[in-house]
Amino acid sequence: MSQIINVEHLNYRYPQQSESELTLHDVSFSVTAGEWVAIVGHNGSGKSTLAKNLNGLLAPVSGKITVDGQVLTEDTVWDIRRKIGMVFQNPDNQFVGATVADDVAFSLENQGVPRDEMLKRVADALAQVNMSAFATREPARLSGGQKQRVALAGMIAARPKILILDESTSMLDPEGRADVLATIRQMKADSDLTVLSITHDIDEAASANRVLVVNDGELVEEGTPAEIFQHGPALIKMGLDMPYPERLKAALKRQGVTVPATYLTEKGMADWLWQLISNK
Amino acid sequence: MAIDFKQVDFTYQPGTPFATQALTDINVTIPDGSYTALIGHTGSGKSTLLQHLNALLKPTAGTVTIGDRVITPETSNKDLKALRRHVGIVFQFPESQLFEETVEKDIAFGPQNFGVSEADALKTAAEMLDLVGLDRDLLQRSPFDLSGGQMRRVAIAGVLAMAPQVLVLDEPTAGLDPQGRLDMMEMFANLRYERHLTVVLVTHQMDDVANYADNVIVMDHGKVVKTGTPQDIFKDPDWLVAHHLGLPKTTAFAQQLMARGIQFDQMPLTEDQLAQALVQQLPVQQLGGATDDE
Ligand SMILES: Nc1ncnc2c1ncn2[C@@H]1O[C@H](COP(=O)(O)OP(=O)(O)OP(=O)(O)O)[C@@H](O)[C@H]1O
Ligand SMILES: Nc1ncnc2c1ncn2[C@@H]1O[C@H](COP(=O)(O)OP(=O)(O)OP(=O)(O)O)[C@@H](O)[C@H]1O
Ligand SMILES: [Mg+2]
Ligand SMILES: [Mg+2]
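Going down the list, the protein sequences come from chains X and D. Quick note on our numbering: the first sequence kicks off at 1 and runs consecutively. Quick note on our numbering: the second sequence kicks off at 1 and runs consecutively.
In case anyone wonders, no lab produced these hints; they're calculated from the structure. Hints may be right or wrong, so weigh each one.
Said to hold, decoys possible - Rough simulated footprint, nothing fancy, chain D against chain X, three-plus residues with beta-carbon under 8 Å:
{"id": "1", "stretch": "53-63"}
{"id": "2", "stretch": "87-98"}
{"id": "3", "stretch": "243-250"}
From the three backbone atoms N, C-alpha and C, an ideal C-beta is built for every residue, glycine too.
Please work from the sequences and hints to get the whole structure.
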C-alpha cells in the first residue's frame, strides 16, 4: 500500500506572527492511498492551516510535504492542487461560476474534460447532492445548506485523488449529513479516493479509518475511532463530542446508577439496559 | 418583545425571471420572553424568516409586528435604527457580518453606532471577548485572520455588545468545537434569564431544541407546518421523518429501547429525562453509584 501524503516536520507561522510563534509545530504524519482520515481539534488548533499547507495555499517555514510521489515546491504546486479537491469551511469563498451548473463544471473545464462528459458529470454530481432543480440558480443566492451541497457537488464532479473536507457538513441537516457520508463512501468504493475530513462531528469522525488529533498546532494523538472514543470525557478537550452512550452513562451516574466502565456502542448500551430491566 | 407574523409572503427578486418565493402565508407568533426554535430542512425558509425580524427583509405581502413596530411591504428603510438596536441577529455565515480592521473595532461598532462613547464601546468589546471565550490578545487582530470558530465567536460578541432585547441566532454553533457549543448555548440561556431576552434559534441540532427551547416552529417549503412545545413536536417520530427532520439523540435511543420492550410514560427528550425514567425501572442492586470493573 502506497503513501499518498507524507508530511515531515512541518512548521508554519502566519506572516504577521513573531519569530517565536508557530501555528503548526513539528507536524509529521502520513496517509495511505484510499484511507479516510479525520482531523479533529478545538477551535483555533490549526486544522485549516494544516489543510492549506497540504495544497500549497500556505507555504511552510520548514518541513517537507510529499503528495502522490511529488515533493511540494513552487514548481509542483499546480500539479498537486489538481490532485486535491478541497471544500472550504465557508462555501461563499469558493464559488466562481455564475450559475450552480457552471460552478460545478469549473474544475472540469480546467482539466480539459470533453463537453459531453462534463455535462454528464455535472448532472450526476448535482443529483447526488439533491440539487438538480437548482442548476441554473446563482450560487450566492442559495440557503446555507444548499451552498454546502453545491460546493460538495463540485468535488464529486472533479473526482480528485484526494478530497479534503474542512467542516463541509456543518450547515447540513442530519439527513444531508448522512447523504454526504454515504456519497463519500460510494466515491471511495468507485475509485481509490483518499479523504481527509476536518470535523467536530462524532459521526463523521466515526466514519474514518483513523483519527488525528491536533492541539495548539501539534499533532498529539492518532488512532482508530474506537481507540480515540475510549477517552470518554477527555474527548471534549480534543474538540470532539462524547459518543451518546457515554453521555447517557454520565446521566445515569448522576442518578446513582452503577454503569460499566468499558466503552459501549449504542447497541451495547441498549442490550445492557434491556438485560437488567427484563431480568428484574 | 413579542413578534407576530400575519399572512406573510416573501419572494426574492420579485417580478424578474429569477423570482423565488421563499415564504408563503406565514401566520405565527413568537411570544415575549420565549426561547423559540425554528427548525426545518435545508432551504425551507428559516434564514429568510429570521431576516424579517429586524426588517433586513420586508414582506412582499402581509405584516410583521415586532414589539410596537409594524413592518409592511411599504415600510421605508429609514428609521429602522431603533428596531435594529433591539433585535440582534447572528448570521449563518459569520464572515458576512465582520467588516472592521480589528476585532476590537468590529465588536465596538454596534454600540458606537447607537451612541455609546468610543471608550465605553472598546471596554465592552474586551468584556464581550471574554464572554465568548476568546483571548484578549486577539483584540488587535483582523477579524478575517482568525479560524472559523474564532470568527463565529467574534460575530456573536458583536451582537451581544449591542445588548439586544431579542437575540436571533442562525445556527450559531456551526463550526464551534463541542466545548464552545455547550458554553455558548449555556451563555444564551443565562442571558435570557438575566436580561429577560426573547431568543429565536435556528438549528439542525435537535438536542439543542430539547435542551433549551420552550417553543418550536417547524417549516417546510416556505410554510409553517407545525408549532408547539418540544414535547408536542417530538412525540411523533414518523411525522418528523416525513418532514426530513431528526430526533434528539435521547429520543432516538429511547425508540431502540422501546423496540426491545421498555416502556415510557412520556417520551424522554434529554439524557437526564431518560436516566430518571430508567432509574424507576432498573433493579435496586444497580443503584450503587460506582462504576463496574474499575
Ligand atoms: N490569516 C491568518 N492570519 C493570522 N493568524 C491566523 C490566520 N488564520 C488563522 N490564524 C490563527 O491560526 C490559528 C489556527 O487557525 P486555524 O484556522 O488553522 O484553526 P482551526 O483548527 O481550523 O480552527 P476552527 O475549528 O475554529 O476552524 C488560530 O489561532 C488562528 O487565530
Ligand atoms: N438571496 C437569495 N436570492 C434568491 N433566493 C434565495 C436567496 N436566499 C435564499 N433563497 C432561496 O430561498 C429558499 C429559502 O432559503 P433560506 O435561506 O431561508 O433557507 P433555510 O431554511 O435557512 O435553509 P438552510 O438550512 O440550508 O440554511 C431556498 O430555496 C433558497 O434557495
Ligand atoms: Mg478551521
Ligand atoms: Mg439558513
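Task: Index of numbered hints that the structure contradicts, given in increasing order - done: 1
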